[in-house]
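Got chain A sorted already, so can you dock chain B onto it with the hints?
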Amino acid sequence: MATVTTMPKAPAPASAPARLRTLLIVLVTGCLAWGVVAGWTVSQHASAADDVVGTSEPLSLDAQQLYRSLSDADITATTAFLSGVQERLAMRQRYTADISGAAADLAALKAAESRAQAGRLSAIAAGLPVYTDYVARAVTWNAAGYQSPGASFMQNASVEMHLVLLPAARSIYAQESAQLRASSAEATGLPWIVVALVLALIIGYGLLRTQRWVSLRTHRVVNYGLLGATVVLLVGVIWLVAAFAVARGDLSKGVNHGSAPAETLAQADIAAAQARGDEVLNLISRSGDTSFEQDFAKVRAQLGPGHGTLLSTAAASSSGEPGARWVAAAGRDARTWYGVNQHLYSLDLAANYAKETQLVVQSAPGSSAPEFSSLERDLGRAITADQVVFSSAASAGRDAFGGLEAGIIVVALLMAAGCAWGLSRRLAEYR
Amino acid sequence: MFGDVMAGVPHNRQRSLVRATMRRHGKEHRLVVHRASREARGSGRTVPAGRTAPAGRTGRPWPLLATAVALPLALAAGCSSASPPGPVNAAAAAARGGGFPLTPGPGPQTLSETGSTLLYPLFRTWATAYHGQHSQVTIPTGATGSGKGIAGAVAGTVDIGASDAYLSSGTLVQNPRLLNIPLAVSAQQVYYNLPSLSPGTHLRLDPQVLSEMYQGQITRWNAPAIASLNPRVNLPGTRVVPLHRSDSSGDTFLFTSYLSAQDAAWSNAFGYGTVVNWPGIAGHPGLGRMGNPGMVAGCHQQVGCVAYVGLSYAQQARGLGEAQLQNRAGTYQLPSNASIPAAMQPFVSSTPPNETISMIDGPAAQGYPIVNYEYAVVSTRQPTAAKARDLRAFLHWVITAGQSSQYLDDFGSGPLPPSIPGFQPLPPSVAALSDAQIAEIK
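Protein sequences, first through last, are from chains A and B.
First residue of the first sequence: 1, per the working numbering; consecutive thereafter.
First residue of the second sequence: 432, per the working numbering; consecutive thereafter.
Chain A extracted, bound-state conformation (with noise of 0.2 angstroms):
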């Protein structure tokens, strides 16, 4: 007997009847902490799977979008300003549905919106019809014939675009991005999971060494409610670990091979579309400004391909993925993309916009124009075919977590149950 009275440690040696009692309690108590304490974290990561799924990554899309729907908008605004007739119905169509795209993304955006947001959002909310007032005077003096006053007006937009609602759009989804990468961290992040199954591994320790003082004080070799309440604790672990496994598994090759080099190529398309930008504004100003050639040339660096570049670094990530060949064809745009982008600020410098023109706006093949939609289209399909990958993946992860949360608080109860009913069971003979 005096081997088993470690159990309950007490200061005195104490009778059995009160001994029982006291590890009735213990054990009723830690099943429940369990169950507490195991559901909770099944909780977390299943909120934190749904977050990934149902609103970071949406939000980091629409985020991405917005961005994409802005900068177009004013690509396709000042180049329809700066080509001919022919070309204005098509980009007009196209800077609308621009427009139109990137106000359902802010409406998206705001829905959600988190205090951290409000600010950036607003300054978009107030400084989109600030710049369609703009783009829209533009037009309407230059239809009228008067192209000089249009043309200020076109630079007021572009202004207003760069300096306001683009600068925005970027913060909005580096924030959305962090979040989307907490969430993920979240989901898959180990500290609470260790810390139940410590608890469980504690608690079938205390039911097997209550199970053995029971069997030798009693002379009963099987307590049945004691032995329920392990097989159950152990179902129920062997199941939290198999979720916790599946579900991390998931998210983790949804986050690995789908939204980080989704982010990665949604920097990349930034960061060109941010060169493209400069190029068209670069031709509209006249500014003669060599700084532009300087950032092209950092965009470039960032972008790549090369070693640590962005379109690398997204290849890396994607590789075995749908998305790699998409990403090897951009690699191959952006190459082409800098050919031409290199003789345009040579040509702005010597002032021969004529050519400089041609080459920035025209749709004919070689100028800069459908090299950059090149590039923007392969991106784009890279960065849609990763996100199905992290769609498809990070789902399956949320998945694993289904029913689980409940089922851990059955176990939980059945457990609390299990080690009352057999252990009052012994307490009754002492009565």
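These are computed hints drawn from the structure, not numbers from a lab.
Check before you lean on any hint, since a few could be wrong.
[Unchecked claim] Covered stretches of chain B, as calculated for chain A (at least 3 residues, CB under 8 angstroms):
id	segment
1	596–604
2	686–700
3	704–710
4	776–786
[Unchecked claim] Quick list of in silico lysine to any residue cross-link-like pairs, SDA-like style, CA-CA up to 20 angstroms:
id	chain 1	residue 1	chain 2	residue 2
5	A	355	B	706
6	A	298	B	606
7	A	355	B	700
8	A	355	B	710
Even glycine gets a Cβ: it sits at the ideal position worked out from N, Cα and C.
For chain B alone, coordinates are given in the frame of chain A:
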């Protein structure tokens, strides 16, 4: 139309959003009572070819500008005071404008300026007058061309860069702290050196003819294209020598904007800018000249020249012929105290908060086609609070007291005769926008 995308937004909402953005940019400002509409527009100087322009200048279109701008500001400041009205308060009210002191500090201050050669004579006059009123403030000025004025403001090597051209969107995006603040209204004139023409003759020229002259396609002054515009003038067969600016120049920006606006061939081949890839003219290498003084001197020296020059060099250009330019409505105009404000009028209410607007070749039937705001390019971030305060005070003085005829019509070579237009004052609503921008200098 692109504007259709705003169709779904209620008009009042659009306006409130625009106001919200203006507030965000710190550009909320009081509107100044616009008294211009009832002020004398004066008579236009539409002159038939071959005839002398009528003498006599009209009254200032906005003669009460200084009062119109200063009075509401002073009243507003006075009303906000809790003290009873009186001489002391009136002085305090006069000393405060759109939330900033209107007088410089007591300490010595230097506000350096460089840039536009067009604005230079007037700026130097303002600087001297201001130094006379506030001896602690010294304003060294420099005629280096608009391009250098902008570059100096970008680099922070001067406090005020003067420019005939507004900042390009590219420069603004790269340097978001720069403001372009209109200080006055100017125009570009086109001169020629044909001594055989009778004095007072004003040849008619249009953008196509000018474009062909600058491309070397019209090589003689008696070419049919020029003769058809000037049927009553006995044109000489002198060779055309088109001079252009060799420095980065707002004048070039304005002149080539005019050519581009009406001549598609020019627009497609050369376009507009402070620097242009000028076509070579066979037999005439080296047609570039430094600054407006270089253009005027070059034209005096070269019979057959054609040159675009800012309006502040009219006195130096005496003896040269001054062309009437065709506007969009098809009328031929000389720059005058009537035709310049007339050209500006359709753009006054459209001038955006950052005051970036081209008024080249606008719709006014009696308007001179090449008019522009003269800009001060200034950074919103000054190295010291004292410099910011003194800059604000000086620029505010320029757009109020500085708009007086004693400066705009008298900038160094004595008062202008009535036949020669001076700089034109800013319309009150534009001055209010300038004041709002000046208030951003911190």
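How the hints compare with the structure:
Only residues whose C-beta sits within less than 8 angstroms of a C-beta in chain A count toward coverage, and the segment 596–604 of chain B has 7 of them, enough to reach three; the restraint holds. Counting residues of the segment 686–700 of chain B whose C-beta sits closer than 8 angstroms to any C-beta of chain A gives 7, which meets the bar of three, so the coverage hint holds. Note: the segment 704–710 of chain B has 5 residues with beta-carbon separation from chain A under 8 angstroms; the three-residue rule is met and the coverage holds. For a cut-off of 8 angstroms, the count of residues in the segment 776–786 of chain B with a CB near a CB of chain A stands at 4, and the three-residue condition holds.
Under the criterion of a C-alpha separation no larger than 20 angstroms, the hint pairing residue 355 of chain A with residue 706 of chain B is consistent with the structure, at around 15 angstroms. Our distance criterion of 20 angstroms between C-alpha atoms is met by residue 298 of chain A and residue 606 of chain B, whose separation comes to about 18 angstroms. For the hint linking residue 355 of chain A to residue 700 of chain B, the alpha-carbon distance of about 8 angstroms falls within 20 angstroms, and the restraint holds. Taken as a hint, the residue 355 of chain A and residue 710 of chain B pair is honoured in the structure, with Cα atoms around 14 angstroms apart against an allowance of 20 angstroms.
Hint compliance for this structure: every hint is met.
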